[in-house]
Amino acid sequence: MKKEKSFLILLFTLVIASSVINLFHLIKEHQHQTGFVRMNQIWEDLEMRKELEIQLEEKSRSIQSDLAYLEGQLNQKARKGESSKEYQQLQNAYLFKKSQFENEYDELAAKLNEQIDMQLRAYIKEFAQLNEFSYIHVLDPSSSLLYASDDQDITEEVTLYVNMKYQGLK
Amino acid sequence: MRKTAAFIFILFVFISCSNDDDRSSQHEELDFILPSEIYPDKGYTLNFSKEKPKGFPRRHKNIEGVEYDLIYLPGDFLAWKEQQMSDMDIPFDTLKQQYSQLEYYMLRININQHGKDLTNYSDGDPVDNDKRISFLAFGMEKNIQLEQEGLTRNPAIFHFERTFKITPYNTFMIAFDKGTIEDKNRTIVLKEELLNHGLLKFSFSEDEILKANKITYKKKV
Numbered sequence: 000m001k002k003e004k005s006f007l008i009l010l011f012t013l014v015i016a017s018s019v020i021n022l023f024h025l026i027k028e029h030q031h032q033t034g035f036v037r038m039n040q041i042w043e044d045l046e047m048r049k050e051l052e053i054q055l056e057e058k059s060r061s062i063q064s065d066l067a068y069l070e071g072q073l074n075q076k077a078r079k080g081e082s083s084k085e086y087q088q089l090q091n092a093y094l095f096k097k098s099q100f101e102n103e104y105d106e107l108a109a110k111l112n113e114q115i116d117m118q119l120r121a122y123i124k125e126f127a128q129l130n131e132f133s134y135i136h137v138l139d140p141s142s143s144l145l146y147a148s149d150d151q152d153i154t155e156e157v158t159l160y161v162n163m164k165y166q167g168l169k
Numbered sequence: 000m001r002k003t004a005a006f007i008f009i010l011f012v013f014i015s016c017s018n019d020d021d022r023s024s025q026h027e028e029l030d031f032i033l034p035s036e037i038y039p040d041k042g043y044t045l046n047f048s049k050e051k052p053k054g055f056p057r058r059h060k061n062i063e064g065v066e067y068d069l070i071y072l073p074g075d076f077l078a079w080k081e082q083q084m085s086d087m088d089i090p091f092d093t094l095k096q097q098y099s100q101l102e103y104y105m106l107r108i109n110i111n112q113h114g115k116d117l118t119n120y121s122d123g124d125p126v127d128n129d130k131r132i133s134f135l136a137f138g139m140e141k142n143i144q145l146e147q148e149g150l151t152r153n154p155a156i157f158h159f160e161r162t163f164k165i166t167p168y169n170t171f172m173i174a175f176d177k178g179t180i181e182d183k184n185r186t187i188v189l190k191e192e193l194l195n196h197g198l199l200k201f202s203f204s205e206d207e208i209l210k211a212n213k214i215t216y217k218k219k220v
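Protein chains in written order, with numbering that gives the first Met the number 0: chain A, 0 to 169; chain B, 0 to 220.
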């Protein structure tokens with residue numbers, strides 16, 4: 000009889016312990032998991048940005064070389080002492096080309112920035128959903144978040160995920 | 000009394016453990032896709048075993064609601080599929096031989112909008128739609144490459160399957176010359192211009208490709 004009683008007490012304790020664990024899991028599941036990222040750091044370590052910046056640099060180099068050629072022609076005309084009308088025409092053409100190239104460069108930069116932004120948002124959203132985050136905040140001088148505890152900082156994890164996702168490894 | 004108490008305890012323990020298992024198994028299956036999911040109307044059954052993958056390696060991206068799926072399709076599967084569909088009695092080995100020269104990938108782009116696909120996703124005029132179709136059929140090929148350690152290869156075959164807006168997705172079959180591909184990991188790079196999503200990369204490990212090639216197919220009876 001005594002043996003049976005102690006067995007029942009033990010069993011009762013185990014059931015209570017198991018219920019507590021279950022309850023803990025349940026609360027954890029329904030809690031809003033939040034974290035914050037330092038966007039500047041993500042931007043700095045972003046593989047996609049680094050690759051696209053090479054594209055931009057190439058464009059810039061090609062523009063510089065075209066402009067240098069035109070500038071050379073302009074200087075040649077100036078040295079030969081050609082009439083001011085002709086020189087003026089060439090100078091106008093040079094300025095027109097320069098502004099055209101600058102516009103092209105700006106357009107490409109805006110296009111690439113948009114591409115980075117779209118992919119970055121998509122991968123962060125995926126990271127949040129996969130890891131059950133309800134909110135991911137941005138902590139930088141311009142954000143409305145004034146303080147966040149360091150243990151909520153998920154910048155490294157997000158950067159790693161975004162880079163792996165960009166490389167197509169996930 | 001003792002038995003009832005023991006049963007309640009076991010039930011509690013079981014409930015405590017079950018949730019986490021579900022989550023991990025879902026994550027494991029993310030990288031694979033079954034042929035029946037790619038071709039839902041065909042009802043294919045393949046011989047998968049424990050050592051072989053659960054399906055074909057797949058990489059998925061969702062950018063602004065547009066879903067990109069790139070799936071590696073073993074040549075043997077395509078040979079087997081052709082044999083299943085064909086009325087002619089072509090030997091399986093002959094078809095296998097025909098498909099053995101190239102490495103095949105299927106790219107599926109799903110716009111997720113009812114009655115729309117890549118050809119008519121925005122409300123442009125019909126000329127814009129025609130230009131898009133022309134780009135998808137002929138221009139996009141130039142924007143796809145297979146990359147291995149900095150070296151790139153262009154597709155040997157590129158085919159845009161038109162579905163005439165019946166499906167919200169578009170399918171592209173892409174194949175690369177096997178002779179130029181090394182036994183290393185490969186990345187398929189798509190320079191996406193139509194929706195301005197930029198460079199989209201899909202990487203496959205050599206191991207994944209080898210495992211998928213080990214899937215065996217039931218011969219047509």
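These are calculated hints, taken from the structure and not from any lab test. Incorrect hints may appear among the rest.
Quick list of in silico lysine to aspartate or glutamate cross-link-like pairs, EDC-like style, CA-CA up to 20 Å [stated by the list, open to error]:
1. A:Lys49 x B:Asp68
2. B:Lys200 x A:Glu50
3. A:Lys169 x B:Asp127
4. A:Lys58 x B:Asp68
5. A:Lys49 x B:Glu191
6. B:Lys190 x A:Glu113
7. B:Lys177 x B:Glu192
8. B:Lys190 x A:Glu50
9. A:Lys124 x B:Glu146
10. B:Lys190 x A:Glu85
11. A:Lys58 x B:Glu148
12. A:Lys79 x B:Glu66
13. A:Lys169 x B:Glu191
14. A:Lys58 x A:Glu113
15. A:Lys49 x B:Glu205
16. B:Lys200 x A:Glu131
17. A:Lys110 x B:Glu192
18. A:Lys97 x A:Glu56
19. B:Lys200 x A:Asp139
20. B:Lys190 x A:Glu3
21. B:Lys200 x A:Asp116
22. A:Lys49 x B:Asp92
23. B:Lys190 x A:Asp139
24. A:Lys110 x B:Glu148
Keep in mind the model is a prediction, meaning the values are calculated, not measured.
Status of each hint after checking the structure:
Using a Cα cut-off of 20 Å, the hinted pair A:Lys49 and B:Asp68 is violated, with the two alpha carbons roughly 25 Å apart. Between B:Lys200 and A:Glu50, the direct Cα distance comes to roughly 12 Å. Compliance with the 20 Å bound is thereby established for this hinted pair. As the CA atoms of A:Lys169 and B:Asp127 are separated by approximately 34 Å, the hinted pair breaks the 20 Å bound. The suggested pairing of A:Lys58 with B:Asp68 is violated, with an alpha-carbon distance near 31 Å, which exceeds 20 Å.
Proposed proximity of A:Lys49 and B:Glu191 is supported: the alpha carbons are some 18 Å apart, at most 20 Å. Simply put, B:Lys190 and A:Glu113 have alpha-carbon atoms about 14 Å apart, close enough for the 20 Å limit, and the pair holds. Between B:Lys177 and B:Glu192 the alpha-carbon distance is near 27 Å, which puts this suggested pair outside the 20 Å criterion. For the suggested pair B:Lys190 and A:Glu50, the alpha carbons sit about 13 Å apart, so the restraint of at most 20 Å is met.
At roughly 27 Å between alpha-carbon atoms, A:Lys124 and B:Glu146 are farther apart than 20 Å, so this suggested pair is violated. Between B:Lys190 and A:Glu85, the direct Cα distance comes to roughly 44 Å. Violation of the 20 Å bound is thereby established for this hinted pair. Distance hint between A:Lys58 and B:Glu148 is unfulfilled; the C-alpha atoms sit about 24 Å from each other, more than 20 Å. Distance check on the hinted pair: A:Lys79 and B:Glu66 sit about 62 Å apart at the alpha-carbon level, beyond 20 Å; violated.
As the CA atoms of A:Lys169 and B:Glu191 are separated by approximately 19 Å, the hinted pair is consistent with the 20 Å bound. Taken as a hint, the A:Lys58 and A:Glu113 pair is honoured in the structure, with Cα atoms around 17 Å apart against an allowance of 20 Å. Using a Cα cut-off of 20 Å, the hinted pair A:Lys49 and B:Glu205 is violated, with the two alpha carbons roughly 26 Å apart. Taken as a hint, the B:Lys200 and A:Glu131 pair is broken in the structure, with Cα atoms around 25 Å apart against an allowance of 20 Å.
Using a Cα cut-off of 20 Å, the hinted pair A:Lys110 and B:Glu192 holds, with the two alpha carbons roughly 10 Å apart. Under the criterion of a C-alpha separation no larger than 20 Å, the hint pairing A:Lys97 with A:Glu56 is consistent with the structure, at around 17 Å. Note on B:Lys200 and A:Asp139: the hinted pairing is violated, with a Cα-Cα distance of about 29 Å set against a maximum of 20 Å. With a C-alpha separation of about 73 Å, the suggested pair B:Lys190 and A:Glu3 falls outside the 20 Å cut-off, and the hint is violated.
Using a Cα cut-off of 20 Å, the hinted pair B:Lys200 and A:Asp116 holds, with the two alpha carbons roughly 16 Å apart. This hinted pair does not check out: A:Lys49 and B:Asp92 have alpha carbons roughly 47 Å apart, beyond 20 Å. A hinted pair counts as satisfied when its Cα atoms are at most 20 Å apart, and B:Lys190 with A:Asp139 does not qualify at roughly 32 Å. Using a Cα cut-off of 20 Å, the hinted pair A:Lys110 and B:Glu148 is violated, with the two alpha carbons roughly 27 Å apart.
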